[in-house]
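Asker: Chains as they are written, first to last, in this note's numbering: chain H, 1 to 155; chain P, 1001 to 1434; chain Y, 2001 to 2817.
Note that these hints are calculated values from the structure, not bench results.
Heads up, some of the hints might be wrong.
Stated by the list, open to error - Derived BS3-like pairs: lysine-lysine, alpha-carbon spacing no greater than 30 Å straight-line:
(1) P:1190 <-> Y:2003
(2) P:1190 <-> P:1294
(3) Y:2058 <-> Y:2025
(4) P:1415 <-> P:1279
(5) P:1306 <-> P:1279
(6) P:1306 <-> Y:2058
(7) Y:2058 <-> Y:2003
(8) P:1416 <-> Y:2003
(9) Y:2051 <-> P:1402
(10) P:1190 <-> P:1279
(11) P:1416 <-> P:1306
(12) Y:2025 <-> Y:2003
(13) P:1227 <-> P:1306
(14) Y:2051 <-> P:1190
(15) Y:2734 <-> Y:2754
(16) P:1415 <-> P:1294
(17) Y:2398 <-> P:1415
(18) Y:2025 <-> P:1190
(19) Y:2058 <-> P:1190
(20) H:91 <-> H:143
(21) H:145 <-> H:65
(22) P:1306 <-> Y:2536
(23) P:1402 <-> Y:2058
(24) H:65 <-> H:143
(25) Y:2536 <-> P:1190
(26) P:1035 <-> P:1227
(27) Y:2003 <-> Y:2536
Unchecked claim - The calculated label-pair distances, taken between Cβ atoms and stated as ranges, are:
(28) P:1073 <-> Y:2518: 55 to 63 Å
(29) P:1200 <-> Y:2498: 53 to 61 Å
(30) Y:2464 <-> P:1191: 44 to 52 Å
For glycine and all other residues, C-beta sits at the position ideal for the given N, C-alpha and C.
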Amino acid sequence: MQAEIAVAEHPREQAINIMYAVQGHYGYLPDEGLLEAAELLDLTPLELEELATFYDFIYRRPVGKYVIHVCDGVVCWMFHENSVFEYLCQKLGVCAGEISADGLFTVLPTACIGFCDHAPAMLVNGRLYGPLTPLLIDEILEKLKTEYCDLVVCK
Amino acid sequence: MFEEVLFKNRRPDRPATLDEYRQSGGYEALIEAVKQRTPDEVRQLVTDSGLRGRGGAGFPTGRKWGFIPADAGFPRYVVPNTDEMEPGTFKDRVLVNIDPHLVIEGIILSGYAVRAQTGFFFIRPSYELDAQLIEREVEVARQAGFLGNNILGSEFSFELVVHRSAGRYICGEATAQVNAIQGNRAHPMKDRHMASDGLWHRPTIVNNAETLACVPHILRQGAEWFKGLARTKTGAGTKLYCVSGKVNQPGCYELPIGTPLREIIEGSAGGMMPGSELKAVMPGGASTAYMPAKYYDVEMDFDPLKAVGHRLGTAAIMVFDQNTCLVAATLNLMEYFARESCGYCTPCREGLPYIRDLLWRIEAGEGREEFIPMLQQMARHMDSSYCAFAPGAAESVLGLLKYFLDEIREHISQKKCPFAEAYRPHRKLWYPAE
Amino acid sequence: MPKLIIDQRSIEVPAGTKVIAAAEKLGIMIPRFCYHPGLGSFGACRMCAVKFLEGPVKGIEMSCMEDARDGMVVSTTDPEAMEFRQYVIEWLMMHHPLDCPVCDEGGHCLLQDETVSGGHGRRRYLGHKRTYHDQYLGVFVQHEMNRCIHCWRCRNFYQGFAGYRDYGAMQIGNRMYFGRYEDGPLESPFAGNIIDLCPTGVLTDKPCRFVGRRWDFERAPSLCLHCSLGCNTTGSARYRQMWRQEGRFNEMVNGYFICDRGRYGFAYESHPERPRRARVAGLEVAWAEAIQTAAEKLSQIAATAGPAAVACLGSARSSLETQATLQRFCRALGWSEPRYFSVPSQERQVKAAIARLEAPLAVSLREIETADFVLVVGADPVNEAPMLALALRQAWLKGGAVAVLDPRPVFLPFEFEHLPLAPGDLEAALEALTAGAGGTDLLAGGSPWPLLPKIAALGRRLTQTQRPVIVCGTGIVRESTPGLAADLVLRLREAGLNAGLFYLLPGANAFGAGLLSPAGEGLTPLMEDLETGAVKALMVVENDPFWDYPDRGRLVRALDKLELLVALDYLPSPTVQRADIVFPTLTLFERNHSSFVNQEGRLQLAPPVHLGGMPMAQISPEKHPPRTFLSHIPGGEPRTPGEILAELAAAMPAPVTLPGDDLWDWLSRKNPVFANIVSLFESPPGARLIPEAVPAGTFSPAAAPAAAERPPDYLELLLVDLIFGTEELASYSKHIQPAEEPPRLRMHPADAAKLRLSSGDRVALRLLGGTLEVDLQVAENMAPGVLVLPRHRQLNWRLAPDYRVMVAYGDIVKVEA
């Protein structure tokens, strides 16, 4: 990481990458991770927190191994995205933002993910899925639960 | 039959490789440019082609490049914008996945035209796999000598860096994007001219990925050819139309710019879904107003749409049918915009949630007649906010008020949503007030 | 000069003026929240929308974002603009609590004013109000985030203007939160300004919390006495006590802002032990009795031992009136001339500096902001003259560069070049620069000095500037350094540069003290006169040698020899406690007008804020005004030193009347620099007591005794200033005391390595007067061979014989826990 910062002409430019890297390590961006990242970047904790809390994909609270970003854009909404969201929550026994009992999943509503031609859609582990049906959701969850998948995290 | 230009290397299962791209004439434009054309000639050609920005605002690309003052210093930057967070828009994702090298070549050429040294490929986190694809292909291009120092033996050196965003709609705004790349909060900077005072106070040009993908073709086949692609007199080139909503074959289609809406929906998109009638479309993403069915024959280009009071935006056509409550749809959009507002200026930060609250009340059967003038005034006043975010957000409200006032009144008089399925406001995650 | 029309009235303004500022010149106050003339335009709040009817811009636009241009026709009352502004207010008030009755800002709240003037009276928004958790931001600033309207002023000042990095905006959209990463004191010593800037009650003055509404206070313009810059303030008093100070605009001195030492240092004024009654031999006596006793005893000593045996010590913190009256008093009685400094080196440094300050050279604090290069020599701005640091930052923000030559680990809130030279090398550096500025090759001397290449580079950069300023401190430098700084400025001017000179002095009115001090080398140092017994009675006027005299042992021995010690002061100082006779005096906030001369010679007047007297809180603990009515103000006995001296003169066995003519006439006869001050109230604002040109042959201190070379195995101990804890008046302030950081000894890593010490070690420092224990901090960014120790009130630093002493390696030892 230090190397990356050293390469960058302007260390601050690496802020998001470093936060992603720390997030990749901890699963989310905990306080200690934020402090480490800030030190690497020569930023104050406040300066990094200003960025961390600005963005959608930096998780400042613990999340499951897979964060299910359910698109709540208007097109997905047209295709009953609400039911998808509720189905997921019910299936996993969680409310939005909570971690499922097996520690694997967190469901979050998210801005349009650009999969409108397959609405309703969601983003899990870097992949876009749609059009979602309860059957497809079951399949995806089952696959994520049982098969080993390389974790796709922003790097 | 129209022959696709940007999508000509489309394959059913994978992106085109460098070789495939080169077989289709790829990188010829770059080779020719660095060997035989001056940067000014490239810019002039793009200006002559009439290419207008595909990111939403439709600004002439060549003119934008020309804003860099002649005596501006170095380094200079180009920022290919693939943030694409406009709801309904997914053309850049499709484009990158079809022909990554077309985009890369376009970026390099834009860098050549403005004599930039570095490009920051700005990409949203939901496209992480595409970011990785681009990173791989950038490396491939570098190996082939199209990137790096002294490209193809010329004086021109150019680097392309993939810059990942962490996801906010406002990052798509050019000046906010510049702030984001610098590692600042992504607030827009309206008091700065990017062409002379952009990234790290250096000349910077921000272009949409689709715009840049047109550049290699313009260079290879000429400005007149490019103009000739359009179906309208004032238009130029082809356009990637993203069709979504209640149509049979939603998707991203490349068509001559200015193809009438009817042809797009009934042709490429396979017509309306069974049982659906066209009620309205948003012609260019969530920041454009609803366009009712009476404009079914309008040519989908910047000027024809402007002539009827609408905007092409990103040409993301979202199709609503007669069973969709547009109050609820607008409420959904307001939830989105209120959540994504960067919070810098008051109208956007406080006004959008206010509008959302009024819409929510109307949808929930608590609407009052006096909400209507309030909505009208507030939506109009969004024009006086700091950047183009809030005016765009207000477009749907203004469209709703203009074309579907009766639908609002029905909500108010019936004290409920007249449509079968009422809108259920979102999880109590970010808005604990209700 | 663009000419435009605003509300049918035409005005011409300098190019670059914003429309909102142009309107203000016409007396039209366009509503605003984010815009502040001291911070600039941000376009965030959208409150200043006006309609542009004609000209290059059309329609509703923000008046803070548009430069005034020719042909503009602007309407501030256009219905569309008014409707928009009404909505902005409504939006801002959606979540603002209706807690004005319990909010400290209520009554002087910009949001309140603009809500009322905008006609917003009923909340139409039906949703809930947003709420936040507040943070603890330290002892100065109270945080009430629910009231926030997100105008960005606090962050724009804190991070943008002042350059500190621990306070900002988190979250996004309407959930945005202005605060710190976590609870804790704000790190910036300029944080108090965000209280003044906050347009509503999010950030309020903590010491003044729940004390009163604006109209409850007696308010008056005042001055800050906590360093030599002379920043302008507005004081607020209630119930015979100062409660609050705010920054007051002065376009030549501090601009809009002040530092926290200046803002909260005032509480010495209501120190519970402040002398309020005259005392003789430790007992409170009637005022007349004390005057009688003092007059008798003083005249008796003068009669028996000669008038020269009675000496007076004024100070650098007294008003010019007090300083001058003291001199007149001594002359009228035939006593020896008063001294104003207990430390002779300070007197010589001050005189050396002001002797070289002439009108073409002298720049004001605000003028530093326009410099393209500032060279700071022997000064630590944040700790010695805090607002200088902000002025330097403004210069840097405008593209200027700042270089600091100082042995201390200097911190400034921006990027600057620091050459940590040992104190002894500062003069050599200045000489080298002076030699080089005229074009001479700096390296010609071939000195073996390692930092010379850097100095040479600095010299080359200096010659490429147009408007350089040399800032020279007087804290740690040698007595001849100020003169060398002036030489460099003159040389740069010779080379065609518009170079300026800016000194820092020890004390709010050190300039006045310097002007009045005897010319030339001056008198025998007071301490010697005391030791030889030449002086038998000492009258100390608003001075406390126990505060700043380094060698405590010597001071005590010398004072022990006195037959009589008379003290006039408002501080409960050790001198006052020790004095045989005490006369309580007034602070600058009370009853009288007083004037002070800042370090650039600027004469400034401080009118009284209140009448004085014992604070109500100290005589009526139930915080209710007492119900007994008196004919006098309780605790109102203190008088100005001028009044006391006049009474003393009149009470002498051979009564003397102090000359009745005007003090200013007398001063101008004495020194031509006073000539343009007819009377203080009529003098042109910003009059400076400096000559157009320095007459030849003015005082310059004898060349320093050949710079004492640091022997090997010795470190040079520098006793220095710290923002909180070393300044005399502020150290008596109960608001400042909790903000003080524990004092630390600082040392270069190379020296620490030699002594096998590391950061955090407790170190015993054997000095002449005894052993001092202090925590060590190793600092990279300081000169090797130097020890830096603050003259902190919590530290018995007066064991050192001087402000600069050599300490042998063997005398620095680690204290094992």
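Asker: Hint by hint, note whether the structure agrees.
Answerer: Against the structure, the hints:
1. P:1190 <-> Y:2003: This hinted pair holds, its Cα atoms lying about 25 Å apart.
2. P:1190 <-> P:1294: The hint is violated at about 37 Å.
3. Y:2058 <-> Y:2025: holds, 22 Å
4. P:1415 <-> P:1279: holds, 23 Å
5. P:1306 <-> P:1279: Distance ~20 Å between residue 1306 (chain P) and residue 1279 (chain P) Cα, so the pair holds.
6. P:1306 <-> Y:2058: holds, 21 Å
7. Y:2058 <-> Y:2003: holds, 16 Å
8. P:1416 <-> Y:2003: Measuring from Cα to Cα gives roughly 57 Å; hence the hint is violated.
9. Y:2051 <-> P:1402: With a Cα-Cα distance of about 25 Å, the restraint between residue 2051 (chain Y) and residue 1402 (chain P) holds, given a limit of 30 Å.
10. P:1190 <-> P:1279: Roughly 37 Å separates the two Cα atoms, so the pair is violated.
11. P:1416 <-> P:1306: violated, 35 Å
12. Y:2025 <-> Y:2003: Distance ~13 Å between residue 2025 (chain Y) and residue 2003 (chain Y) Cα, so the pair holds.
13. P:1227 <-> P:1306: Holds. Residue 1227 (chain P) to residue 1306 (chain P) sits at ~19 Å (cutoff 30 Å).
14. Y:2051 <-> P:1190: holds, 19 Å
15. Y:2734 <-> Y:2754: Judged against 30 Å, a Cα distance of about 40 Å means the pair is violated.
16. P:1415 <-> P:1294: Holds. Residue 1415 (chain P) to residue 1294 (chain P) sits at ~29 Å (cutoff 30 Å).
17. Y:2398 <-> P:1415: violated, 60 Å
18. Y:2025 <-> P:1190: holds, 26 Å
19. Y:2058 <-> P:1190: The hint holds at about 17 Å.
20. H:91 <-> H:143: The hint holds at about 15 Å.
21. H:145 <-> H:65: holds, 10 Å
22. P:1306 <-> Y:2536: Distance of about 96 Å is beyond 30 Å: violated.
23. P:1402 <-> Y:2058: Distance ~25 Å between residue 1402 (chain P) and residue 2058 (chain Y) Cα, so the pair holds.
24. H:65 <-> H:143: It holds: about 14 Å lies between the C-alpha atoms, which stays within 30 Å.
25. Y:2536 <-> P:1190: violated, 73 Å
26. P:1035 <-> P:1227: holds, 25 Å
27. Y:2003 <-> Y:2536: violated, 71 Å
28. P:1073 <-> Y:2518: 55 to 63 Å: holds, 58 Å
29. P:1200 <-> Y:2498: 53 to 61 Å: The hint (53 to 61 Å, Cβ to Cβ) is violated, given that residue 1200 (chain P) and residue 2498 (chain Y) are roughly 31 Å apart.
30. Y:2464 <-> P:1191: 44 to 52 Å: Because 30 Å falls outside the window, the suggested range is violated.
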